[in-house]
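Enquirer: Join the two chains into one complex using the hints; note that each chain is given alone, in its own frame.
Chains as they are written, first to last, in our numbering: chain A, 1 to 169; chain B, 1001 to 1461.
Please keep in mind that the hints were generated in silico from the structure rather than gathered at the bench.
Be aware that a few hints might be false.
Claimed, not checked - Taking lysine-lysine and the DSSO-like style, the derived pairs with C-alpha atoms no more than 27 Å apart in a straight line are:
| no. | chain 1 | residue 1 | chain 2 | residue 2 |
| --- | --- | --- | --- | --- |
| 1 | B | K1136 | B | K1148 |
| 2 | B | K1137 | B | K1148 |
| 3 | B | K1148 | B | K1189 |
| 4 | B | K1082 | B | K1023 |
| 5 | A | K159 | B | K1189 |
| 6 | B | K1414 | A | K159 |
| 7 | B | K1061 | A | K159 |
| 8 | A | K22 | A | K88 |
| 9 | B | K1021 | B | K1082 |
| 10 | A | K159 | B | K1392 |
| 11 | B | K1023 | B | K1189 |
| 12 | B | K1148 | B | K1023 |
| 13 | B | K1021 | B | K1136 |
| 14 | A | K22 | A | K83 |
| 15 | B | K1392 | B | K1061 |
| 16 | B | K1136 | A | K159 |
| 17 | B | K1023 | B | K1136 |
| 18 | A | K159 | B | K1021 |
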Amino acid sequence: MSIFYFIAFLSILFAVLVITAKNPVHSVLYLILTFFTITIHYILLNAQFLAIVNFIVYMGAIMVLFLFVLMLLNLNVESEPVKSNIVKFAGVIGGCCLLATLFGTLKLAATSSPVVLQDQGLGLVKNLGKVLFKEFLLPFEISSILLLSAMVGAVLLAKRERQPDGKVF
Amino acid sequence: MNTLIVISVLPIVLLYLGLYKAKNALLPVTIVGLLVALGLAVSQWNVDAQPIFSGMMLFDKYAIAFSSISILSTILILALSKEYFERISSHVAEYYAVILFALAGIIVMVSYHNLSMLFIGIEIMSVSLYILAGIKKTDFASNEAALKYFLMGAFSTGFLLFGITLIYGSSGSFDLDVIRDWALTHTAKTVDPMFYTGIMLMIVGLCFKVGAAPFHFWTPDVYEGSPTLITAFMSTTVKTAGFAAFLRLFSTCFASLADLWTPTLMVITVITLCVGNVTALYQQSFKRMLAFSSISHAGYLLFAIVALGINSGNSVFVYATAYTVASIIAFAVLILVQQQSGNDNFESFNGLGKRNPFLAFVLTVAMLSLAGIPLTAGFMGKFFMFGGAVAKMQIWMVIIAVINAIVSIYYYFKVIIAIYFRDAERAELVAPGYVNVVLGLSVVITLVIGVYPNLISNLIP
Chain A
1 MSIFYFIAFL SILFAVLVIT AKNPVHSVLY LILTFFTITI HYILLNAQFL
51 AIVNFIVYMG AIMVLFLFVL MLLNLNVESE PVKSNIVKFA GVIGGCCLLA
101 TLFGTLKLAA TSSPVVLQDQ GLGLVKNLGK VLFKEFLLPF EISSILLLSA
151 MVGAVLLAKR ERQPDGKVF
Chain B
1001 MNTLIVISVL PIVLLYLGLY KAKNALLPVT IVGLLVALGL AVSQWNVDAQ
1051 PIFSGMMLFD KYAIAFSSIS ILSTILILAL SKEYFERISS HVAEYYAVIL
1101 FALAGIIVMV SYHNLSMLFI GIEIMSVSLY ILAGIKKTDF ASNEAALKYF
1151 LMGAFSTGFL LFGITLIYGS SGSFDLDVIR DWALTHTAKT VDPMFYTGIM
1201 LMIVGLCFKV GAAPFHFWTP DVYEGSPTLI TAFMSTTVKT AGFAAFLRLF
1251 STCFASLADL WTPTLMVITV ITLCVGNVTA LYQQSFKRML AFSSISHAGY
1301 LLFAIVALGI NSGNSVFVYA TAYTVASIIA FAVLILVQQQ SGNDNFESFN
1351 GLGKRNPFLA FVLTVAMLSL AGIPLTAGFM GKFFMFGGAV AKMQIWMVII
1401 AVINAIVSIY YYFKVIIAIY FRDAERAELV APGYVNVVLG LSVVITLVIG
1451 VYPNLISNLI P
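With the rest of the complex left out, here is chain B (with noise of 0.2 Å):
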């Protein structure tokens, strides 16, 4: 709670340092108050946790965790973007208002306990997000991102409050532990109607939020058009949340009726496994494949909540994290290379092995983690999410993932391809040392995890 006060608090401080033009503060006050916020949320791990406010808010591990990785992706993220903002307007306090307006909205859909809290707190984020997605206001692509992800989105949100709303009427509650209640009481074979067409209206507008196939068609146009930092964001803080409020519903509401939408949510995994990275091998731009990449590893979070176990939300935990990390250095690296040769076309990379070793070096981790190579985070994530899916017996579903994933190796590789044996003739890039400082310190996350993958495994009950 306290959380969750200081993240909406911040934005408002924020805009009063725009107003009196204290520019300079504008960074250091919001990582600041991100890691006060952070701070409050980890010391109250050891806390008894009970839903506070009617029921409305349960700050329990799970949540904890969840508000932790969103609190310290997005403070990566923010630390990317000393001058990115100022080079797009001069209403830089506001841009950063509203970042923290949608971490806000994440923290109630990480800690929610009450459907109305997960409704609200969805709404937020994407309200932020459809403003981020259209700061740029001159450049065109971001115009229509921002006009696509609102239209796409307000109807998503419609099946999800229609889910909602049905839910309501055969349960009668909002709150999460009445409904479970009521779902024991039933069986797959006896459940109302209704009920059973709310879940499956929540998966679709869930699934909607994540970027799911066979709903993902404003994903790639949406990462493309926005400005990349902000793209970064939704790729990592936001899909984050959206998989553990996914995750929250399913595991605390309808585990007991897992027959019911275990066939629907199995045939949707597939489709945005399959989607996701068959397309992304037609793509020439880095930024579009990374969309379409997010699509893909949309599908692998999707295992967690099909193969639903005690296990499911430290997968998802890991992976979360993994699948954040890496995407953070990628798109820390695309920024800085935008910026010199002014596109994001795979050719862009060639010859940066030679010029900054460095950077070459982070991005190919980042790669080998996306793709799942042993040794680095992305491994373990995949490791998890298909070690839960064979204790479930769900066998063919692992062989069509791990297919997937080695198709998905050929399109990261190109890109390492292009940095170490495409020879160009460029300038060297000129990393400033905040990006180095956050590249640096995603390379350790993602090696360490990968190698001792038990310092964030078992942290949620």
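Just chain A, with the same shape it has in the complex (with noise of 0.2 Å):
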């Protein structure tokens, strides 16, 4: 229990770091550091599949996307546009809007039953394995052709062409 409460706390730090930081790429940074602290609240809820995807793809893949594409939009105060007031004024009504959902939701809330896993180990890679390749067989298999299809497609697009005439584009 110490160490949830310790991860929690950790997460919701990085969270606030996230949107206070000053430079957008500290900030991406935080981010990273948020992710990571929920795949170790997924690991210790059992849930090793969700851990190992929030951890590639999310913590991985993504944000290392945005990273890049931060440092390519190369943002600081200077270039930064000013906001106009309608944007202003159209962020502070979603606020607000968030706000009211928030505080609905959080009036209706009770101590809900909590609920009762059938299988203890649903959240294995073993139990995914199995069902990935026994019911799930088909679907897992023909998903290669989705990938093979855009591997194809990707060269195809990004390849240079070489015109009759002799030119490459």
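Expert: Written as structure tokens, this is what we have:
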């Protein structure tokens, strides 16, 4: 239990740092740390697969992509466009809607009966593998066509072409 | 299943043929392979189909009928592709391969028995189409089409997936039979809000894919920007498959809850009909007119789902066949005209009747079929659609649809007038032999179905 509270504290701390950091790159780095703490939460909940996916896809792929985009955009204080009043107004409305929703939800919140898992090992990679190679074998195999098609297409679109007149574009 | 295997292995064979520079073998191998796949599909006709692979796929008569029409229309379109792709670039083998990958996705889409298969099928088809839309790399319109299609398509996939998730959340299964049984134990009053939201989100996702208004904004730009042959593939085979998947889901799973979703779909149908037809009136470009007319045809096809009944499958099949064949003619003639005049405006068709009587005749038949004039397949398609709607007492919807059909005659006849009554100095179009074969075959199919619709109208039980 004490690990949970420690990790939960860290998640909230990093999440707050994401929105308070002045430098966007720092902000993204804190976001990566937030996702990392969430990965640990998944492991604590015995959800191995979700933890791995969260680690590889969110922390690894998506956040690195974010970082690259930010670095390419070269955002800093001087180049940041001044937001017009309408945008600010829209932001206020959006924020108030979210606040109202949150408030309404909290008012309705009650202690629900805890969901008891039928199978304690539901989130284990072993079980997932068994399902994937038994009931979901066909979709799993057919996904290979999707990946192959995307791969062929990506190469096709990215490759240089040689025109009949010898020009390369 | 064998059909799917053949169509999945065929593109890999083609990629190898491309690797060894066997350019001339590509088209014959593709067509022979597709004919084998078609034969394997039809040979399953009398087999009593059961769900296979733990209920993932059900290759029943419905699936066989729609697989066959998809394979046939792909063969017709690929037969037009001789020397077409060579002009775009030298990677011809890859183009054939990607088209066949899309066809494999379509086979999955028409034969799924599990929502995960539906999703994978739609994704295989869509990803291949995003690529095909952008194969003219130096053409700005083609780049725009590919990017727009990709962004919009990815967005709509999100809706579809969210819908599938909510339906899984309330019914506890992806299997169509289990979802149907769950829906049977609930009435429109007692159904879970989550399930209801799931159905709505799936309608949004699928309407995006078939290009029904108000989710049609990608259609005109994508259809206009893509290479014409790919547009032909998108507006015929892909649209047919989209409706087959749509109808399979709704007739199998949600038929007992029709009161819930019929009003939504009715509004979508009426908007689709009106938007498609009215916007098509103002088009100057033939290709863009066909794009809007394909939106309006999506509206007619939606009738089968709004007025869900035992004959819905058959009416979608007849309508889709008629629409597919007529569109293939229109796009084939458009490709020839485009090559000569360099643009696709209505003026480019001026004087076609004098110089190329055969082309003029087949295009006229195609336009009459699209407009739904009797003795053509298009009339029979509309007849079955409206008949189904009248049987369900949706008279006012049929009235709106008939008014729209009358409006559509105006823009289809604009082409016929340009062909026969506007004169222009032009050289004769040289149509290669294989194009004439495709055109001739399509016209024969259009007229035969127009006169003897019973040949195909009772296939699906």
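Enquirer: Taking each numbered hint in turn, which are not upheld by the structure, reported in ascending numerical order?
Expert: When the structure is compared with the hints, numbers 3, 5, 6, 7, 10, 11 and 12 turn out to be violated.
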